[in-house]
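K.L.:
Residue numbers (this note's numbering): -5 to 398.
Just so you know, these hints were derived from the structure itself, not from any lab.
It is possible that part of the hints are untrue.
[To be verified] The list that follows gives simulated cross-link-like pairs (lysine-lysine, DSS-like), each with its CA atoms no further than 27 angstroms apart:
| no. | residue 1 | residue 2 |
| --- | --- | --- |
| 1 | 392 | 207 |
| 2 | 389 | 360 |
| 3 | 230 | 304 |
| 4 | 221 | 207 |
| 5 | 221 | 304 |
| 6 | 304 | 342 |
| 7 | 253 | 230 |
| 8 | 221 | 253 |
| 9 | 360 | 207 |
| 10 | 342 | 207 |
[What the hints assert, rightly or not] The following label-pair restraints were derived from C-beta to C-beta distances:
| no. | residue 1 | residue 2 | range |
| --- | --- | --- | --- |
| 11 | 358 | 218 | 22 to 28 angstroms |
| 12 | 314 | 48 | 30 to 36 angstroms |
| 13 | 276 | 341 | 23 to 29 angstroms |
| 14 | 265 | 342 | 43 to 49 angstroms |
| 15 | 72 | 272 | 54 to 60 angstroms |
Remember, predicted model here, so these are calculated numbers, not experimental data.
Cβ atoms here follow ideal geometry from the backbone N, Cα and C, with glycine treated the same way.
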Amino acid sequence: MALPTALRAQESGSIWDMFDRNRVLREADTNGNSMNAQALIATNEPILSFDTVYNLQLAISQYEPFVAAGGWEEIPQEAYNLGLGKSHQAAIQLKRRLISSGDMPMVENVNDVFDAATDAGVRNFQARHGLVLNGQVDEPTWYAMNVSAQDRLQQLYLNFTRVQSMAANLNPRYVVVNIPAATIEAVNDGMVEQRHTAVVGRVERATPIMASKVSQINFNPYWHVPKSLVRQDLTKYMMENPNYLTEQNIFIYDGAGAKVDPSTINWAAITDQQVNYMYRQEPGAANSMGHCKINFYNPYDCYLHDTPSKALFGENARFHSSGCVRVEGVNQLVSWLLRDNGDWDQSKVDQTFDSLQRLDVECQAKVPIHTTYITAWANRQGTVSFRDDVYEFDKQGKVTFNDA
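Build the full structure now, drawing on both the sequences and the hints.
P.N.:
This is the structure we're talking about:
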């Protein structure tokens, strides 16, 4: 899909020379633009499904001729930080970029004013790329816009193969953790019944890709600090702040179950024996797993859990954990997983969270869970979404994963 000649020619902005900037701001419905952008992606179609395979095929058929015709142009650095009401020559290239990717409809005049339609186009683009919907060409948005159409087509090819290989093994009901998107979907009979924002493993402590089954919910759990974190994190924190363990409500126990005074440990030269002590954080508001831990069978000591660090869910790049997955609105997911357990409705889940009662509940329905790596997908209304190749599996051309 080459840009029309008329579009390239319509760069004269004479009618806009008299256009008042305040009027641009006054006429823009930024909240409405964000709602419309969210509607593009907030469908009930799963990221991982047979339907996704078909939708990716359609996206590929649209991108191939567009790429063959030259793709879209790069956005100049001058477009950085452009926003509603601003006038700049770079807004012309920005509009052409948004029109070429379908984020903004064809307009009569391509001028240098960042108007309401441009704000809507930027928010549409941001929604499709998992970015904060602020309507500004901020750093993440600028970089995402300058990924070539050829690179995006290659993502579609790779993810078509990935999804096709996994779709055959799906049950009617399952949970999907999509690592590049840092999102979780609870799927039943081909439809997403819940969608959650997540925080997943950072590059050096990646969330493993696997298929398993949810087995148990731990309400208000203790957190047993993994040995790797004792070496890599606790030693550093204790050297910076000797009261860290006390402040975090973490206690140390030796092999006989006796408490160990943190002041007796040389944190600058911790021994193997001291690493093997049990470091346990008590239930409560500061607990690293928050109000619950969702267990599933795996050899990586990986699980889903609540978190006291809610602000992380509002970030663009949510890759902060040591491999486990933090879940926004985890109480709703827990209720969904326990709906075959009799009286475990949303009210009871919430009450158990608030009570701080330590309780383990076996899941009657062992719902399959898939942690996956999908950086491109599409829905039936033609919206194509992309995410960054955070673990560089796209770069490696990796299309299958042993445990997934």
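K.L.:
Given the hinted pair residue 253 and residue 230, is their alpha-carbon gap at most 27 angstroms?
P.N.:
holds (21 angstroms)
K.L.:
Against the range 22 to 28 angstroms, how does the distance between the Cβ atoms of residue 358 and residue 218 compare: consistent or not?
P.N.:
holds (26 angstroms)
K.L.:
Mind checking the hinted window 30 to 36 angstroms against the Cβ distance between residue 314 and residue 48?
P.N.:
Given a distance of about 34 angstroms, which is inside 30 to 36 angstroms, the answer is holds.
K.L.:
Would the hint linking residue 304 and residue 342 be met if the CA-CA limit is 27 angstroms?
P.N.:
Cα-Cα ~22 angstroms, so holds.
K.L.:
Taken at face value, is the distance from the CA of residue 207 to the CA of residue 342 at most 27 angstroms?
P.N.:
holds (23 angstroms)
K.L.:
Straight-line Cα separation of residue 360 and residue 207 no greater than 27 angstroms?
P.N.:
holds (5 angstroms)
K.L.:
Between the alpha carbons of residue 221 and residue 304, is the straight-line distance 27 angstroms or under?
P.N.:
holds (25 angstroms)
K.L.:
Does residue 207 lie within 27 angstroms of residue 221 when you go C-alpha to C-alpha?
P.N.:
holds (25 angstroms)
K.L.:
When you check the alpha-carbon spacing of residue 221 and residue 253, does it fall within 27 angstroms?
P.N.:
Satisfied, since the Cα-Cα distance of roughly 17 angstroms is no more than 27 angstroms.
K.L.:
Is the hinted pair residue 392 and residue 207 satisfied, with a Cα-Cα distance of at most 27 angstroms?
P.N.:
holds (24 angstroms)
K.L.:
Kindly confirm whether 23 to 29 angstroms is satisfied by the beta carbon distance between residue 276 and residue 341.
P.N.:
holds (26 angstroms)
K.L.:
Against the range 54 to 60 angstroms, how does the distance between the Cβ atoms of residue 72 and residue 272 compare: consistent or not?
P.N.:
holds (57 angstroms)
Taken one by one, the earlier hints fail for this structure only at number 2.
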